[in-house]
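*Asks:* What follows is each chain in one-letter form.
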Amino acid sequence: MTDRRHGGDKSTALPRRRFIGAAAALAGVAIAPGLMLFEFARGDAPAKGVSGKVRWGMLIDTTRCANGCTACVDACRRENGLGFGTRPTDAQWIRKVELKEVKSGRTQSAPVMCQHCAHPPCVDVCPTGASFRRADGIVLVDRHTCIGCRYCMMACPYKARSFVHENLTDQKPDVPRGKGTVEACTLCVHRVDRGREPACVEACRAARHEAIVFGDLNDPASTIARRIRERTTLQLRADLRLDTGVRYQGL
Amino acid sequence: MRRMLMLVFGALCLAALPAQAGGRTPKPVIEQARGEKCIAEPERMRREHAEMLRHQRDQTVRQGVRGEKASLTECIACHASRASGSVAARREDFCASCHSYAGVKLDCFECHSARPKSERVGTRR
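Chains as they are written, first to last, in this note's numbering: chain A, 613 to 863; chain B, 95 to 219.
Treat the hints as calculated values from the structure; they're not laboratory data.
Please note that a few of the clues may not be correct.
To be verified - Heads up, simulated BS3-like pairs for lysine-lysine below, C-alpha to C-alpha not over 30 Å straight-line: (1) A:LYS712 - A:LYS771; (2) A:LYS665 - B:LYS163; (3) B:LYS211 - A:LYS784; (4) B:LYS211 - A:LYS791.
Please read all numbers here as calculations on a predicted model, not as lab measurements.
With the hints as constraints, model all of the structure from the sequences given.
*Replies:* Printed below as a string of structure tokens:
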């Protein structure tokens with residue numbers, strides 16, 4: 613294999629290398645002014661869109677999460693127009709998981725949703741680039757590019773994603789959804805981009821539990837960062853080292 | 095024979111002129127939108143709105159850029175019909191009438207609501 617390549621190419625090797633050198637020089641000339649233009653362009657236009665300086669996350673305090681309470685789940689369904697889970701094919705973006713220790717009988721509950729991983733397996737397996745991680749850490753499906761193959765659903769260790777099986781009507785104007793695509797918790801991206809909290813967080817507070825804290829994990833002064841610094845928190849399936857944006861406390 | 099056909103054709107063309115004004119030819123219905131003017135010249139809008147929307151779509155979904163002019167929800171806020179409250183519920187509605195005239199089929203409204211946000215109804219005149 614190597615023999616053939618070296619032997620056969622010997623006569624052309626030198627000219628080709630020279631050509632590559634020349635091409636590289638040309639590219640250098642072309643790139644330098646290009647870069648300058650780019651810098652200028654960035655200089656006078658204010659940065660638009662999300663920034664990588666922020667990483668949105670949630671901290672769920674299971675000691676405050678009440679058994680049987682579904683305020684977060686209901687709020688999610690209402691906010692995103694998901695329907696009320698009456699059909700087996702209805703989408704589910706957040707669910708309550710009840711845990712019971714068999715020996716002691718101690719029960720605990722916690723909501724589980726997309727964990728907004730820093731290294732999301734759903735993004736790795738997506739064949740079209742529809743699954744992506746926004747600069748601010750929110751993991752999303754671009755439904756304009758999703759072909760509904762559902763590889764991401766298989767790859768997700770948290771079973772966080774749903775497939776839309778049926779035609780939908782009456783979607784919320786802020787939350788377009790449609791048949792043949794995969795969807796999951798968006799951290800209420802349409803609210804977060806306008807400076808609001810996700811609907812589940814608001815609902816949990818309204819139910820007087822305050823079991824979910826939302827904020828910027830990268831900002832040392834934020835409530836969420838401070839709590840994570842001061843208390844023992846964990847990531848679900850931390851062994852997979854996905855660096856989740858959703859953390860749990862009290863599990 | 096050929097001459098005869100030409101004559102008939104000519105007569106038909108002439109007949110088509112008043113028909114257009116009278117509404118026999120199915121021209122798209124363009125209902126007056128809310129707001130003073132569109133986000134760009136109407137000539138440019140007619141030609142380039144698809145490209146503008148595609149660009150805006152990627153900007154918003156991928157980069158989280160909100161509140162831009164070429165947002166689909168903004169088009170709907172100004173262009174929803176006063177009669178149906180929608181841009182695509184009936185054939186006469188803004189996005190639908192022109193597209194059915196031009197033979198364009200959209201899948202946007204399988205996901206996107208064709209109605210303005212409820213809190214916005216009536217706020218734009």
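*Asks:* Run every hint past the structure and note whether it holds.
*Replies:* Tested hints:
1. A:LYS712 - A:LYS771: Judged against 30 Å, a Cα distance of about 20 Å means the pair holds.
2. A:LYS665 - B:LYS163: 26 Å, holds
3. B:LYS211 - A:LYS784: 8 Å, holds
4. B:LYS211 - A:LYS791: 22 Å, holds
The structure shown violates none of the earlier numbered hints.
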